[in-house]
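Novice: Fit chain B to the supplied structure of chain A, relying on the hints for placement.
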Amino acid sequence: MKKYGRLLFIILVLVFIYAPILILALYSFTTATNIGAMRGFSLHNYVTLFTTPELREMILGTIVLAVVCAALATILGTAGAIGSFYSGRKASSFINTLNEVPVINADVVTGFSICILLVVVLGISKDTYIPLIVGHVTLCAPFVYLSVIPKLKQMDSSIYEAALDLGATPAKALRSIVLPQISSGIISGFSLAVTLSLDDYFIATYTKPATFDTISTYVVNATKGAQTTIKTALWALSTVIFAVVVLIVVAANIRALREGMEENRKEKVSA
Amino acid sequence: MHTLKFSRKSLGIPYAVYLLLFVAAPLVVLLYYALTNGQGQFTLSNLTGFFTDPNTMGTLCYSFAIALVTTVVCLLIAYPTAYILAMSRLKQKSVLILLFIMPMWINFSLRITALKEILTLIEGNLAYYPFFNAVVGMTYDFLPFMILPLYNTLSRLDGSLIEAAKDLGANDRNAFLNVTLPLSVPGIVSGVSMVFLPAMTNYVVLDMLYNSTYIMGSLIGSYFSAYNWHGGSMIALILLAIICIFTLLTRGMEDDSAETRVGGALL
Chain A
8 MKKYGRLLFI ILVLVFIYAP ILILALYSFT TATNIGAMRG FSLHNYVTLF
58 TTPELREMIL GTIVLAVVCA ALATILGTAG AIGSFYSGRK ASSFINTLNE
108 VPVINADVVT GFSICILLVV VLGISKDTYI PLIVGHVTLC APFVYLSVIP
158 KLKQMDSSIY EAALDLGATP AKALRSIVLP QISSGIISGF SLAVTLSLDD
208 YFIATYTKPA TFDTISTYVV NATKGAQTTI KTALWALSTV IFAVVVLIVV
258 AANIRALREG MEENRKEKVS A
Chain B
864 MHTLKFSRKS LGIPYAVYLL LFVAAPLVVL LYYALTNGQG QFTLSNLTGF
914 FTDPNTMGTL CYSFAIALVT TVVCLLIAYP TAYILAMSRL KQKSVLILLF
964 IMPMWINFSL RITALKEILT LIEGNLAYYP FFNAVVGMTY DFLPFMILPL
1014 YNTLSRLDGS LIEAAKDLGA NDRNAFLNVT LPLSVPGIVS GVSMVFLPAM
1064 TNYVVLDMLY NSTYIMGSLI GSYFSAYNWH GGSMIALILL AIICIFTLLT
1114 RGMEDDSAET RVGGALL
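So the protein sequences, as listed, match chains A and B.
Going left to right, the first sequence walks through residues 8 to 278 as the working numbering numbers them.
Going left to right, the second sequence walks through residues 864 to 1130 as the working numbering numbers them.
Isolated chain A, as found in the complex:
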């Protein structure tokens, strides 16, 4: 009985999480303009999504921005983590402390303060994309730093010393000994940076050029307007993103999934 109560609770939470996304996905394949009124099957939302230049540019722009900023953040954050790890306590606690600020801070404050410094005080035009890129790198780099540091701590430092003893230059040892050992941290830092940039609304609003939109800023503005074609095309976008996320998650965990299923099956058989 208790077991079923637990199962029911889990199912209810999953319904809360997924029902809106899945219902929207269902309606994205119809001609309906409102949820609730079922209409015929149609792919016109997907056609609109991929053929309207405005929408295409916005999606592409968001992706390019995310990849560029994540790459910059990964380089900065990784180098920063390695440097801080080998520095004295003072220097590394200095970097650690400043690194915490964007992590803890509200995005509204981060975005607003960067806008004030770069746009208001230094007079850099938002059209140069510099404030936007700085904003997103500032948002992402601290998380790259945080995912690389634990890998550095787990690293076996004697291998690096051995490489030096065997005649490798420090740069070579860093490249072929340290980097491979922390690569999983770098990769997860990069992917986290991409998702942070893709999801950001506040920093982009305060720093982006007026003519440029990310998915978040576009969607937020579109929901205020009443343009139905755009509104329902965004349902299609939501569905596409959902499908992509599911694919990535499944692909990244395919081995764990298979093992898990087998073990559960074995357990059921033996029980």
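Dumping the calculated SDA-like pairs for lysine to any residue here, alpha-carbon to alpha-carbon at most 20 Å:
(1) K872/B x N103/A
(2) K954/B x R265/A
(3) K954/B x A263/A
(4) K956/B x E269/A
(5) K179/A x L874/B
(6) K956/B x V20/A
(7) K231/A x Y1073/B
(8) K872/B x I82/A
(9) K954/B x V257/A
(10) K97/A x A879/B
(11) K956/B x I17/A
(12) K954/B x I17/A
(13) K956/B x R262/A
(14) K954/B x E269/A
(15) K10/A x I947/B
(16) K179/A x D163/A
(17) K97/A x A887/B
(18) K956/B x F16/A
(19) K133/A x E64/A
(20) K954/B x L264/A
(21) K231/A x N988/B
(22) K231/A x S1085/B
(23) K133/A x S1088/B
(24) K9/A x P943/B
(25) K10/A x Y942/B
(26) K97/A x E107/A
It should be emphasised that the hints constitute simulated quantities derived from the structure, not laboratory data.
Specialist: Relative to the frame of chain A, chain B by itself:
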């Protein structure tokens, strides 16, 4: 040896400079703008103005109310979820937990759009229940951020402690209240800090659900639209102060394991 150490350390210099320029300097500028007026003269009127204006004080209270209720609701949903998952005997629970945090990776504005359509269908007109909708929206947005740290803490919990409590005569309820719950405090604190502060500032959720009442974030937004950098900076500074107080209060209590700090991308 000296040059070698220098070369590794110096890798940190670009990032340290970057942090100084784009994390520390903006905060200094923020402080300057908050404490000056349009003529560049020192003034406290932005500060006193905030605390004497009933409108802005109302905004502060409304933000606290939304953040508090959202945090409690998230906790009430997330704790049992994380507990059930962590205690279940299924293998590969880390895959199951993915189902609950996957929404983290879907753009929040699109998720709120989906929620808005459903709420409109159920309620007819979103304007009838602004507070309720705001809380549902925030909960929908932030729930994964509460589930993840709770799950991380609970799944690492030493099961033998609970067994020991039961061997010593505690019933399920007492074992939970005296062993499991206190040991999961770090997860609770991490989750709360990931939900409470964003819920005070994420005004877009309210905007998208047609709740036109201001929260602290909306004040910054409206000053920004009005090019009032001094007023906006003061709000940002007040938010920073709230964040600092919150961080100091929870210092050392948080679950600062890498998985929790860095979030779902590690999975």
